[in-house]
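4 protein chains.
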Amino acid sequence: MSDSIKKPSWKERLHEIIYEADTKEGKLFDVILLIAILASILLVMLESVKSFDNAHHSLLNIGEWIITILFSIEYILRVISIKKPSKYIFSFYGIIDFLSTVPMYLSLFFIGSQGLVALRALRLLRVFRILKLARYIGASNKLMLALKASRAKIAVFLFFVVIVCIILGTIMYMIEGEENGFTNIPVSIYWAIVTLTTVGFGDIAPQTPLGQLIASAIMILGYSIIAIPTGIVSSEMTKTDVDTNTQSCPSCLKETHKTNATFCYNCGSILN
Amino acid sequence: MSDSIKKPSWKERLHEIIYEADTKEGKLFDVILLIAILASILLVMLESVKSFDNAHHSLLNIGEWIITILFSIEYILRVISIKKPSKYIFSFYGIIDFLSTVPMYLSLFFIGSQGLVALRALRLLRVFRILKLARYIGASNKLMLALKASRAKIAVFLFFVVIVCIILGTIMYMIEGEENGFTNIPVSIYWAIVTLTTVGFGDIAPQTPLGQLIASAIMILGYSIIAIPTGIVSSEMTKTDVDTNTQSCPSCLKETHKTNATFCYNCGSILN
Amino acid sequence: MSDSIKKPSWKERLHEIIYEADTKEGKLFDVILLIAILASILLVMLESVKSFDNAHHSLLNIGEWIITILFSIEYILRVISIKKPSKYIFSFYGIIDFLSTVPMYLSLFFIGSQGLVALRALRLLRVFRILKLARYIGASNKLMLALKASRAKIAVFLFFVVIVCIILGTIMYMIEGEENGFTNIPVSIYWAIVTLTTVGFGDIAPQTPLGQLIASAIMILGYSIIAIPTGIVSSEMTKTDVDTNTQSCPSCLKETHKTNATFCYNCGSILN
Amino acid sequence: MSDSIKKPSWKERLHEIIYEADTKEGKLFDVILLIAILASILLVMLESVKSFDNAHHSLLNIGEWIITILFSIEYILRVISIKKPSKYIFSFYGIIDFLSTVPMYLSLFFIGSQGLVALRALRLLRVFRILKLARYIGASNKLMLALKASRAKIAVFLFFVVIVCIILGTIMYMIEGEENGFTNIPVSIYWAIVTLTTVGFGDIAPQTPLGQLIASAIMILGYSIIAIPTGIVSSEMTKTDVDTNTQSCPSCLKETHKTNATFCYNCGSILN
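Residue numbers (the numbering used here), protein chains in the order written: chain A, 1 to 272; chain B, 273 to 544; chain C, 545 to 816; chain D, 817 to 1088.
To be clear, the hints were calculated from the coordinates, so they are not data collected in a lab.
Beta carbons are placed, not taken as given, at the ideal position from N, Cα and C, and that holds for glycine.
Worth double-checking, as some hints may not be accurate.
Keeping only pairs whose Cα atoms sit at most 20 angstroms apart, straight-line, the calculated DMTMM-like set for lysine to aspartate or glutamate is [stated by the list, open to error]:
#, chain 1, residue 1, chain 2, residue 2
1, B, K296, B, E284
2, A, K83, A, E16
3, A, K50, B, E284
4, A, K11, A, E74
5, D, K827, D, E890
6, A, K11, A, E25
7, A, K27, A, E74
8, A, K50, B, E451
9, B, K322, C, E722
10, C, K594, D, D869
11, D, K866, A, E179
12, A, K27, A, E12
13, D, K866, A, E178
14, B, K355, B, E292
15, B, K322, C, E723
16, C, K594, D, E994
17, D, K840, D, E828
18, B, K359, B, E284
19, D, K900, D, E995
Over 10 angstroms on every C-beta distance to chain A, these chain D residues come out as not near it, computed from the model [said to hold, decoys possible]:
#, residue
20, K866
21, N877
22, I911
23, K964
24, L1037
25, S1040
26, V1049
Only chain A is shown next, with the shape it has when bound in the complex (with noise of 0.2 angstroms):
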């Protein structure tokens, strides 16, 4: 705000473009970054189907060609526009930018560099950025806050989901051995995640009436303990959403007052 004062050199202009979405050029700029993103990953898709590929397999390699010098012009005017390069350069997007846009120019001397593309995908995370302005942003904050405070209690469910896979696992090996497809304890405890998990994709099935009857109780349990992780998340966002407002005591800086509080409770001060 206060550059609008004296005249912003064009670094600082360049800046405010590719690293701010506040501006109309800078929101410009992102929604054509996105796109050109989305863009990639569509090439990177139609490549991977071979009928598609052999077809319009020129094609292809032009588009990949144009959206990495577009990605390699964009990444330098990153470098460029910041006063300290290194922040950015070893910053997560950084890394992400990089490692999306050097496989292509690496393909030219070596071959099958192509699969690193996938992290391109990870750049599509930038579309949070260009929502910056919008209510998303405080949606998803709201999200990570919930999720953060319920971290915990999901760490010590998902160990206890961990330890009951593999116990139960192994139990299936025993009773249903090899012949019906429990072949290994990996793979059993790999067929325990799937069961309980409700995926069930039913490449390996038990046999044995004693099998099927686990089997059940695997189902049963993961019916039923898929509430807790939900219950949990459920009542932290309760408490975020509803109990408690984000002003700031005067007097003492506490905050998480109850709504309808009129006196702080920390130190009793008038709230406003």
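Guided by the hints, dock chains B, C and D onto chain A, whose structure is given.
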């Protein structure tokens, strides 16, 4: 109500019967219409069952024509009984009604236009209008309110799910490869969605140990993050549902009174 | 209770034992009955296992006759120990008891009526009566209350799910067609239900890219909207559980006061 | 703490290291133990993978013996460092520790006792003790509290699910019959559980139109009633979690204060 003082014209009466469900005739009309819609859907379903169609083709054809003529009459009555016909014709229901009636006439000249009759299922949404007087609409409105309020959060969640599926699908394509059914990236992403949402068709299933390990991680992820939309809607509904409003007691300023409260539950003064 | 003053007749004593679970004899009777019901279900199950039935047919037959005679005696006792026999005979349990006893007698003259014994499983619902004194019924009542309160919303939700499945099933039939297992519209709707509810048998699975895209959308939809019934019941239970207590106002008899209410929200009288 | 005044005996020191995790040595011991347990589980898993076992049998055998000797030493140290050895030996962990160590010795004389090593997975539960100091145990306790409170309701729910599966399984057996994979009633009940819990292996799937109709109903039922355990746990957790206690303000008698509140949020008086 004020219409009952001076005698309503036949157009007004027709409008009351067709567009409203408050009078006995209006309710009867809507119930008959609903039965006709259900019959029309059943007809199309049976038509698609080859063995049944071969045995009773002419019967199905006659039924189809009866339904079509009834729907045509209904459509014309709707158009003439409204003051501004264009208001109905270009409304959601107007377009649905037209598209679900016209294909049968076209089939006199062309073949294969019966496919459009699937639109008839959309006409079933009218059932909510018939139930207008009952508490169902209230329930539906509350649902809509809660869903609208959680729209932004659910959009963020779905966006996250899609990005995760793109990344994990691509990784699984690189690990499992074509020989294990992961023929290309789009198919692998499809598989990732099938797995993360705990559907698990089993038409494609990982065969390599590493693939099964990642699949296990996807399943546990899917099993855990289903807690997020559930938590969002739960907390939203608890908020919407809690029988309290935001007015404050004129005497003691206490808030969160029950919506049907006449007196403050804290000090007993009369609420406005 | 007043029966204990004057000596009860044998009919009254029998009634106490059979229909109530407050006395020691009544509890014993119910526990024995429950064991007999479980044994009868186990017998029918084992009978359906061909290999077991071939080996132990006469044993199963004898067990079946013992159970049948026990159930017959119980039925007769129930009829004679009640003042108005018709009240029992035409009640839910009366019909279940009759239907689960009679097939064995019919099987003397006809073959194949054993199928009806499945009704015996319904007799298991009696277990809740045995647990009457415990906290289980309280829990069950709270559940019922929450479910009753959310009946309308869940009806709207299920109706929505069915309409969505009809529409999506029809679309999938048009896209995938008979050659990919979507042989007719009813089967396609069945597949849509299998997919939306995240069951995913995999006996039918989309093969075309467009079909897989729509299937992905159905799965993500199903994965998200499961939040709706869950949210409904969660918020209802939170309300039932937390917000209100069961005392009624001494003046106006209004119930469901906030747990921290001092004054009746309806008439302003002081609550005790 | 008081032990640090007079010098503790070596038994007391050993007890501190082995049974407690408050000192640096105690923590180190527990972390090393956890790694050993994980290694022992990994060994058993790899042993069950035939191709790996054939290639590295002697290596696995040596590893197994090292683990067994380490576990034996740990077991002996646990027994001698406690005042009442029987208290440990017959505790849950004591039995688990014994059973997960002894099979290897037995295998010198007998073959096939390795199966018992699955018990080692249970030893992983010790991880919670290592994390004792962290917030994980607090989270785990809260989870336990909420689950304990909802025990009765969940028991009623599970009982209901089992009865429904018995009834629906039997009905499906009668409708589909042996020729469609529903070979007997237990298998059909197994299928009903697979379907109701939305697992859906697909090894058995209904083929008749009526069977598919009932299957659809089961699926929609299972999709809806998952809301019940979720609702139970959610409401219980919201109750447990809500940061409020039951004390009332000495001035205004307002309740539902935040647990860390010093002043009443309504009138500002000091709470006790």
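Outcome of the hint check:
Among the hinted pairs, K296 of chain B with E284 of chain B is consistent with the structure: their alpha-carbon atoms are about 15 angstroms apart, no more than 20 angstroms. A distance of roughly 12 angstroms separates the Cα atoms of K83 of chain A and E16 of chain A; the hinted pair therefore holds under the 20 angstroms criterion. For the suggested pair K50 of chain A and E284 of chain B, the alpha carbons sit about 64 angstroms apart, so the restraint of at most 20 angstroms is broken. Annotation: proposed proximity of K11 of chain A to E74 of chain A holds, straight-line Cα distance about 14 angstroms (limit 20 angstroms).
For the suggested pair K827 of chain D and E890 of chain D, the alpha carbons sit about 14 angstroms apart, so the restraint of at most 20 angstroms is met. Between K11 of chain A and E25 of chain A, the direct Cα distance comes to roughly 14 angstroms. Compliance with the 20 angstroms bound is thereby established for this hinted pair. Among the hinted pairs, K27 of chain A with E74 of chain A is consistent with the structure: their alpha-carbon atoms are about 15 angstroms apart, no more than 20 angstroms. Simply put, K50 of chain A and E451 of chain B have alpha-carbon atoms about 13 angstroms apart, close enough for the 20 angstroms limit, and the pair holds.
Note on K322 of chain B and E722 of chain C: the hinted pairing holds, with a Cα-Cα distance of about 10 angstroms set against a maximum of 20 angstroms. Simply put, K594 of chain C and D869 of chain D have alpha-carbon atoms about 40 angstroms apart, too far for the 20 angstroms limit, and the pair is violated. A distance of roughly 13 angstroms separates the Cα atoms of K866 of chain D and E179 of chain A; the hinted pair therefore holds under the 20 angstroms criterion. Taking the CA atoms of K27 of chain A and E12 of chain A, the gap is about 16 angstroms. The hint holds against a cut of 20 angstroms.
This hinted pair checks out: K866 of chain D and E178 of chain A have alpha carbons roughly 10 angstroms apart, not beyond 20 angstroms. Distance restraint check for K355 of chain B and E292 of chain B: the Cα-Cα separation of roughly 15 angstroms lies within the 20 angstroms cut-off, and the hinted pair is therefore satisfied. Our distance criterion of 20 angstroms between C-alpha atoms is met by K322 of chain B and E723 of chain C, whose separation comes to about 13 angstroms. This hinted pair checks out: K594 of chain C and E994 of chain D have alpha carbons roughly 10 angstroms apart, not beyond 20 angstroms.
Annotation: proposed proximity of K840 of chain D to E828 of chain D holds, straight-line Cα distance about 15 angstroms (limit 20 angstroms). A threshold of 20 angstroms between alpha carbons decides the hint, and for K359 of chain B with E284 of chain B the separation of about 16 angstroms falls inside it, so the pair holds. Distance hint between K900 of chain D and E995 of chain D is unfulfilled; the C-alpha atoms sit about 62 angstroms from each other, more than 20 angstroms. Look at K866 of chain D: its CB is around 7 angstroms from the nearest CB on chain A, not clear of 10 angstroms, so calling it non-interface is violated.
At roughly 17 angstroms, the least C-beta separation between N877 of chain D and chain A is larger than 10 angstroms, which holds for a residue marked as non-interface. For I911 of chain D, the requirement that its beta carbon stay farther than 10 angstroms from each beta carbon of chain A is met, with the minimum near 15 angstroms. K964 of chain D, annotated as away from the interface, keeps every beta carbon of chain A farther than 10 angstroms; the closest lies near 13 angstroms. Taking the minimum C-beta to C-beta distance to chain A, about 12 angstroms, the non-interface status of L1037 of chain D holds against the 10 angstroms cut.
Distance to chain A confirms S1040 of chain D as a non-interface residue, since its nearest Cβ pair spans about 13 angstroms, more than 10 angstroms. Remark: the non-interface label on V1049 of chain D conflicts with the geometry, its nearest Cβ contact in chain A lying 3 angstroms away (cut-off 10 angstroms).
Comparing the model with each numbered hint stated earlier shows that hints 3, 10, 19, 20 and 26 do not hold.
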